[in-house]
Each structure stands twice: as C-alpha cells, then as structure tokens.
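J.: For the protein sequence lines, the chains are A and B, in the order given.
Once you know that position 253 of the first sequence is 253 in this note's numbering, the rest is easy, because the numbers rise by one and skip nothing.
In short: position in the second sequence from 1, add 1000, done, that's this note's numbering.
Misleading hints may appear alongside valid ones.
[Said to hold, decoys possible] Straight-line alpha carbon distances no greater than 20 angstroms define the calculated EDC-like cross-link-like pairs of lysine to aspartate or glutamate that follow:
1) K9/A <-> E1175/B
2) K1057/B <-> D236/A
3) K234/A <-> E1146/B
4) K1057/B <-> D244/A
5) K1066/B <-> D1025/B
6) K234/A <-> D1052/B
7) K234/A <-> D1025/B
8) K145/A <-> E1077/B
9) K234/A <-> E1077/B
Simulated from the structure, these hints should not be mistaken for laboratory data.
Since the model is a prediction, treat every value here as computed from it, not as a measurement.
Here is how the chains run, residue by residue.
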Amino acid sequence: MKSLQTFLKQPGVLSIAILAVVLLVVFPAIFDNFRLNLIGKYLTYAFVAIGLVVLWGWGGVLSLGQGVFFGLGGYCMAMFLKLEASDPITTKIQSTPGIPDFMDWNQITALPIWWQPFNSLTFSLIAVVAVPSILAFIVSYAMFKRRVGGVYFAIITQAVALILTTLIIGLQGYTGGVNGMTDLKTIHGWDTRTDEAKIILYYACAGMLLLFVVIGTFIQRSKFGTLLLAMRDKEDRVRFSGYDVSMFKVAAFCLAAAVSGVGGAFFALQVGFMSPSFVGIVPSIELVILAAVGGRLSLVGAVYGALIVNASKTIFSESFPDLWLFLMAALFIGVTMAFPLGLAGLFESHVKPWWVRNSAERHKIRARLKELENSPDEAPTLEEQNATVSAMAVPADGPDSLVMRRSSV
Amino acid sequence: MSSSTDFVLAVEDLTVSFDGFKAIDNLNLYIDKNELRVIIGPNGAGKTTLLDMICGKTRATSGSIKFKDEEMTTLPEYTRVRRGIGRKFQTPSIYENLSVFQNLEVSFPSGRSVLGAIFFKCTDEVKDRVSAVALEIGLSALLQTEAGLLSHGQKQWLEIGMLLMQEPELLMLDEPIAGMSVRERELTAELLKRICQNRSVIVIEHDMEFVKKIAHKVTVMHQGKILAEGSMDTVQSNPAVIDVYLGH
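Isolated chain A (complex conformation):
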C-alpha cells in the first residue's frame, strides 16, 4: 500500500491514472455506443495532440502540417481495408472485379504495383508508422540540417500539407480523390461496423493512446526530454555542448509523425472512411489548437484538449447550427488569450496550489479535532490556536516542486 502511494505521488503518474479511469471506465459507463464511438474518434486526434506536445511544447518546433501524418497513417490503414472490402465477389458488377470501386470508375484495369503490398495486414500496420516517419524524416532532415526553423519551418509544413492534399485529389484513380476511401467494412474478416466491434475498437484506441502517454512521460523524464527543453531555450549552448541539435529535432518530428499516423489508422478503423479533408492546412491547424487548448506542455492535458474541443464542436454544431463556428472561434481565442499554457497550465497555476493548500488545512483541522476528542474538557489555549494558524500559512511546497515547475515552464 505504501509503495503504491509513493508510486502515485511521482509527478505525472496520478494524472495518467485518472485519465485511464476516465477513458476506460467512466466514458464506457455513461455513454451509449454512438457517443462512445464519437469519443473514440476524438481520441484519434489526441494522438496528434500528444505528438505536438513533444514537438512543439517541449522542442519548440511548431508544425502546422500534422494532418499530413494523421492522413498518411489513415490512408495506409484504409488501403488495406479497402482491398479487403473489394474482393471479386462483392465487386463482380465492376468492369474489373477485385479492385477498389474508385479505380474501376476511373478506368483503371489492374491494381497498381504500389497498392499490392497493402494486401498484407502486417505490411499495412508497419506502413501506418513507417510511411509518416519516413516522410517526416526527409522533410525535417532537409530543413533542420540547414538550420531552417521557427516560422519558416511552420510554413514549409503547411506547404507539405497543401501538396499532399492536391496530390491525393489529383490522383483520383489511385486514391479515391475528394471522396476518399469509403465503405471500409472488415479487417481480416472481422466486421468493424457492429456495436460490439466499435466498443472493442474504442478500448484498443484508448489503450494505445494511454500507452503513448506513458512512453511520452518516460521520454520527458529522460535526458532526451531535458535536452528538448534546453534546445528550446538555448539552442547554441546545446550545440556547443557536443550535441547534434538538428538530429534531436528530426527525432522529435519523426516521433510526432509516427504517433499521428497511429491516430490516423484508428480513425480509419473507427469511422470507416478516410478522405483528404483530414490532411490539409485547415485540419492541421485545428490539430494544433487541440494541443494549445489542452496545454502544449502536458501530454495528459493535450488529450483533454482534444476531447473538450471536439466535444464542443459537436455540441455547438448540434445546438447552434448557425453560430457554432463563431462559438468555436471564441473558445480558441478565449482560452489562448486567458491561459497561454492551456487548461493544463491553468490547472498547474490555480487548481493545484488551491488543492494543496486545502488539503493541508483539512489535515490540520482533522488533527486538531482528534486532539480535542482525546481531552474533551480542555479548551484550546491561545498559543495552540496561533500555532494552528501559522502552520496553515506555511506554503505547502513539496520536494517535487522543482519538478513541477520544470514541467510547467
């Protein structure tokens, strides 16, 4: 019990435990299948948001093109699912049975070579991580080795997002164009559209997200995490301490891309389609907003940010169909103006100190009550009262206050 308590008191552990309970117990208990599937969809965006925490929050590298990696992961998954949905029997009315319907509509008569490997589930799952990572490596290696950074890098990522969207739409016969890949049905014969499958997929998605949050926490506490913060503050000092700064940025960018790709794959699985509308500039910026609202320094905060922003989007658009875009804008502007470090920053600066203060007070009062119970006829003397007051005034700042500060800077 004692060891469990000390384990929970480690910075970060308790917040991850609470997040796990919320995602794995509370949500499935209070929401029906439709809402749970919706939350599963929000969680796929949270993958991108936690990638942005590593890249932007810790590493100080802003990418406005994370939709690219989300989309690539999603497309890799969708290509496998589409091939499985296009078996010769289902597609026998096509002029070329056995190829995806959009190819048939575009007068393509054979499955292109680069589609062939996506018949294999193993290959597709590897591609979900590898394709975004490889593209991220090429883009970021070329940029960071040349010391391109800051706004210029952000603009380049936007260009990549625009190029990829145009490419996907332009190559309609190979990608499904604007409509994307629809009618995704089964994975290895297992129907992903049933209620039961949707619940299983929700748990898989939430579980994977939690795993990434744990890995992210490990990275944050490693020297790599410290170096990311150091680079953000004094890049030259890190460079002249013998580190190849550009490779650390490349690594952070690839990591964020890989995580986003996994999110995209879960999106394709849970929502049942993938389209260029999740790749372009606008969705990419929306993904950055998730991290900004949740708190760009906090992995757990980013997950809540993804949930809150997307839930508000759904609620606003259901209740105020005419006004919802304005309400969303107000939410973004309000949060980023009032709390630059997002909801997690708000929690660190206001809720946590309040909670610590309160629990210290409660502790005092409880101890005092116990004392009184033991000697019921003895009224508290003036000194004792004073002692209680002064003890309450001492700021309750634990030994881990430095760690807290470091993570909140």
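Fit chain B to the given chain A structure using the hints.
T.: This is chain B only, laid out in the frame that chain A set:
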C-alpha cells in the same frame, strides 16, 4: 598546406570576410599545452569572431585551424566539441528553466546521440562528477536551484562548470568576468588558475588588472590582425599597443 605541429591549437593564415570586410585577416595563432592565453584588443578587433571560428560558429573563408594536429575547418560544431574544444559565450548561456544539477548533468559527455539520450542513466559516476564540478565552481549548495534564479556571477560560473563537465582540452572563455563584483572577479581568477592546470585556456578580457593576474602570455588584436604577442610587460610597453588600445 600547413605544417604539422606540437601545439594544441595552430591557427594559420585564417581569414574570414563578411561582404568584403575582413573581420579576421590572415591571422596566425599558436597555443601551447597547458597555456593560459589572454586575447585583448579594442572593440571590433575580431576577438569574438576568432573564437567563433575556432569552435565552428563562423566558417572560415580561407586558412586552417588545427586542433591537436587535426584540421577543424570542415567539421561541424558538435564534432569539434567532441574532439575537446569548449566554448563559453559572452552573455551567460545556461538553461534557465532547469536546475543547476540538470544544467551540469546535460553537459556530461555521454549519451550524446538521440537514442543515447533517451536511455541515458544518471549513474553514480555522473552524480560524482556533477558534485565535483559544483564544488569547483562554488555552487554545491545550489544544485537543486533553478538556474534562472542565480546571480549573474553564479550564472557565469555555472557555464564554466558546464564546460568543465566535458573535460575539454581547449577551453575558450569570452569575457568571463564582465559584470562581476570585485570579490567575484577574485574568485574567478583563482578558478581559472586552477582549471588551466591540465588544459589550455583562451580568455578574451578587457580588465587589465584581471589579465595581469591570470595571463601566461597576451595576444593583442587589432583590425582582424595580431598587433603584438608576448608577456604582459612586453605588450604593455609596446608603442603600437599603447597607441591603439591601452592609451597614453
């Protein structure tokens, strides 16, 4: 092109030009093992640029920089650091948001690759080294303090400490006592004398009293060239030096 040497650092025919302006002009400089060299000169003489070129921040237009008989001009900055060149910047350049301990820990010369950093363990060896260096720079009691809260002088010492963590064979300090109090200057002079025991040190400094205290040999720079070189006394009595720098 240039001869092989026994010097720790041999700079030969070094030139850098910014749009035609030669900040360093055909400069030659040789630093011995365990030498403490001070470079003085008026503002704009090219002192900081010279250090920038040795550590790789600025690329040479022509000429050679040899460190332990190895050509440095084409190597990237981090490789030069790993070979043993340490550089302290003019304004204290430390990680303000990290603790003093973390500042020193991050400077420990292992786990410098991406994977190495992810799986880096703060072993007893690292901790011992951090406490030894902290003792040397007088920050033992402040290891858990956030570095941004240190005084200006302490920040300067911390950056020197971060360099000591790397055990460089050549240490380059750009105005290490700028902005320090009299007492802090004395402590820094003692520190410099101690740390040049088993390495070469190049210091840029304006404070003549301080230079007298620490220098083995003084180099005077002017307009990207070397004006004079020698002991403090020879340099001080050199008419050309008096003319451009020390004043009458």
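J.: Evaluate each hint against the coordinates.
T.: Structure-based check of all given hints:
1. K9/A <-> E1175/B: violated, 45 angstroms
2. K1057/B <-> D236/A: holds, 9 angstroms
3. K234/A <-> E1146/B: At roughly 15 angstroms apart (the allowed maximum being 20 angstroms), E1146/B and K234/A satisfy the hint.
4. K1057/B <-> D244/A: holds, 13 angstroms
5. K1066/B <-> D1025/B: holds, 17 angstroms
6. K234/A <-> D1052/B: Judged against 20 angstroms, a Cα distance of about 16 angstroms means the pair holds.
7. K234/A <-> D1025/B: violated, 30 angstroms
8. K145/A <-> E1077/B: Satisfied, since the Cα-Cα distance of roughly 12 angstroms is no more than 20 angstroms.
9. K234/A <-> E1077/B: Cα-Cα ~15 angstroms, so holds.
The structure shown violates the earlier hints numbered 1 and 7.
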